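S.K.: Make the full structure from the sequences, and use the hints.
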Amino acid sequence: MTTTPIKPVSPAAPERSETPIIMGMIAVLAVLPLLGVYPYFVMQALCFALFACAFNLLIGYVGLLSFGHAMFLGTAGYASAHAAKVWGLAPELSILFGTLASGALGVLVGLIAIRRQGIYFSMTTLALAQMIYFFYLQAKFTHGEDGIQGVPRGLFLGVLDISKPLVLFYVVLAIFVAGFLLIYRTINSPFGEILKAIRENEPRAISLGYRTARYKLAAFALSAALAGLAGATKVIVSQNASLTDVRWEMSGEVVLMTLVGGLGTIFGPVVGAFIIIAMQQYLAEFGQWVLVIQGVIFVACVLAFRRGIVGEAAKVLRRNL
Amino acid sequence: MVEDFILETKGLTKEFAGFTAVRDVDLRVRRGSIHALIGPNGAGKTTCFNLLTKFLPPTRGAIAYNGRDITSMAPADVARLGLIRSFQISAVFPHLTGMENVRVALQRHRGDNFDFWRSKKVLDDLNGRAMALLEDVGLTEFADVTAVEMPYGRKRALEIATTLALDPEMMLLDEPMAGMGHEDIEKVVELIRRVSANRTVLMVEHNLNVVANLSDTITVLTRGQILAEGDYATVSANPEVQQAYLGASHG
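Chains as they are written, first to last, in the numbering used here: chain A, 1 to 321; chain B, 1 to 251.
A couple of the hints might just be wrong.
Cβ-Cβ distance ranges computed for the label pairs, FRET-style [as the list claims (entries may be wrong)]:
#1 Arg60/B <-> Arg318/A: 47 to 57 Å
#2 Asp124/B <-> Arg115/A: 33 to 43 Å
#3 Glu249/A <-> Phe114/B: 31 to 41 Å
Below, computed lysine-lysine pairings styled on DSSO-like, alpha-carbon distance capped at 30 Å [stated by the list, open to error]:
#4 Lys85/A <-> Lys164/A
#5 Lys85/A <-> Lys140/A
#6 Lys121/B <-> Lys315/A
#7 Lys120/B <-> Lys315/A
Quick caveat, the hints were computed from the structure, so don't treat them as lab data. Fair warning: this is a prediction, and the values are worked out from it, not measured in the lab. Cβ coordinates follow ideal geometry from the N, Cα and C atoms, glycine included.
M.R.: In structure tokens:
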């Protein structure tokens, strides 16, 4: 078996830059509302896309399946809604506050969760997310089932009037692009190389002298903060923070989006988020059947396109996507 | 003359629920030697390895490396002292290329660095050194091939190149020849002999031919205890060792 003549099997795909595709994606997103697509829908999808990208940073590049990521989406949502409505902070500061709140929660949850491997890690994140959910259900400032409604938008950075839908749209797009590029850079940084090594073979990374727990914690906190950025932005868009964003179903939805688009791909979570949000939007007339349709798509993806839509495309095109 | 031991254990013991895998092992590895740990299946060789590299906590006993007590250190910290291990199953990063595998190890010299905002182009400085290491183990044409696509023997060579990237003072190799064909075995024996210059190597190995012509000292373990120790001639002449080996599955 090992003595057969050795030839290098299919040299790895030549390293091609993703920059043109990223530029193309931004251009398409930027013209969507001008083509008559409902801006509110695109903004919602962009927030979920950023949320899915943050989640994918963990599962796709560190190999950690968090089943409680809704807690970061929701925490930032409540934090920024409270900051904007009760404290009267400017929208950019409210978003920043929400992001930091989720990042801090990410450090705490990470410290507990990364001590466990595999399914135990996932279950720990789920359990902690449920605790957070019940806290928000009971806490006064979240207003329980009502949520925080009528979150003001105001002037972004003191000049951009985000009560105008199109201005708001481009602000949200800018936030999405910033978050997406930060994740892209993280994946392609020296830090990202170590994360990939941990995903591939953690004991080996340890034996090379890496204190892998610290890298996993840093990645977890970063992912939590970026999920928070998505949640905070989402609240400014919908002007409403509610329990929906902290429920476990939301944690499941982000798994679904990422799987449909392609785990561990750069563009997969974006594609997955747009597909799932579009389904919820345009199939709304089917009522509860949307969930059934989502379930069927999920099963189809797992059975037929294990790599997700973008993952399969990347395989056909023999390149990273 | 006082002998210079790089690694020393005293009364090293590991108990799993109701079963003692390693019992009172006093192992001393001379600096600069190639030391082999042999024994029939289940003798506790791999457990011993995991204890030495701190992947398992010992139940009792002490481990000293370079005169320093490492008994309660974390595995990554032991690695940082220059004691680097390999694994029984070839320990590569499967979906990284040969070059990337070695570079992950070279990156260690940057310390605990969480620079997620920086481009990985800063690592290109390491490419020359990584290429030299790959060349050293005959993997030049595999630099751009992902490890998962490499034949078994090449994976082991890649693993050794990755270990060498850290310039370890001592290497612990867990069955480096397991599952290899003859051709590859010769190559790896040659490789180990070459890289052992200025280093200490402790290896677990089943293949007695390999052990015979590679190691300076052999320690024989059975049922978690040291049965015999010495060079190949001494050890192989020991009737108890013959008994243990003939009685087990190794002819």
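S.K.: All the hints need checking, so say for each whether the structure fits it.
M.R.: Taking the hints in turn, this is what the structure says about them:
A hinted range of 47 to 57 Å for the beta carbons of arginine 60/B and arginine 318/A is consistent with their spacing of about 55 Å. As the Cβ distance of aspartate 124/B to arginine 115/A is approximately 35 Å, the hint placing it in 33 to 43 Å holds. Between glutamate 249/A and phenylalanine 114/B the Cβ separation comes to about 33 Å, which falls inside the hinted range of 31 to 41 Å. With a C-alpha separation of about 19 Å, the suggested pair lysine 85/A and lysine 164/A falls inside the 30 Å cut-off, and the hint holds.
Distance restraint check for lysine 85/A and lysine 140/A: the Cα-Cα separation of roughly 15 Å lies within the 30 Å cut-off, and the hinted pair is therefore satisfied. For the given pair, lysine 121/B sits about 25 Å from lysine 315/A by alpha-carbon distance, which is consistent with the 30 Å threshold. Restraint check: the Cα-Cα separation between lysine 120/B and lysine 315/A comes to about 24 Å, which is no more than 30 Å; the hinted pair holds.
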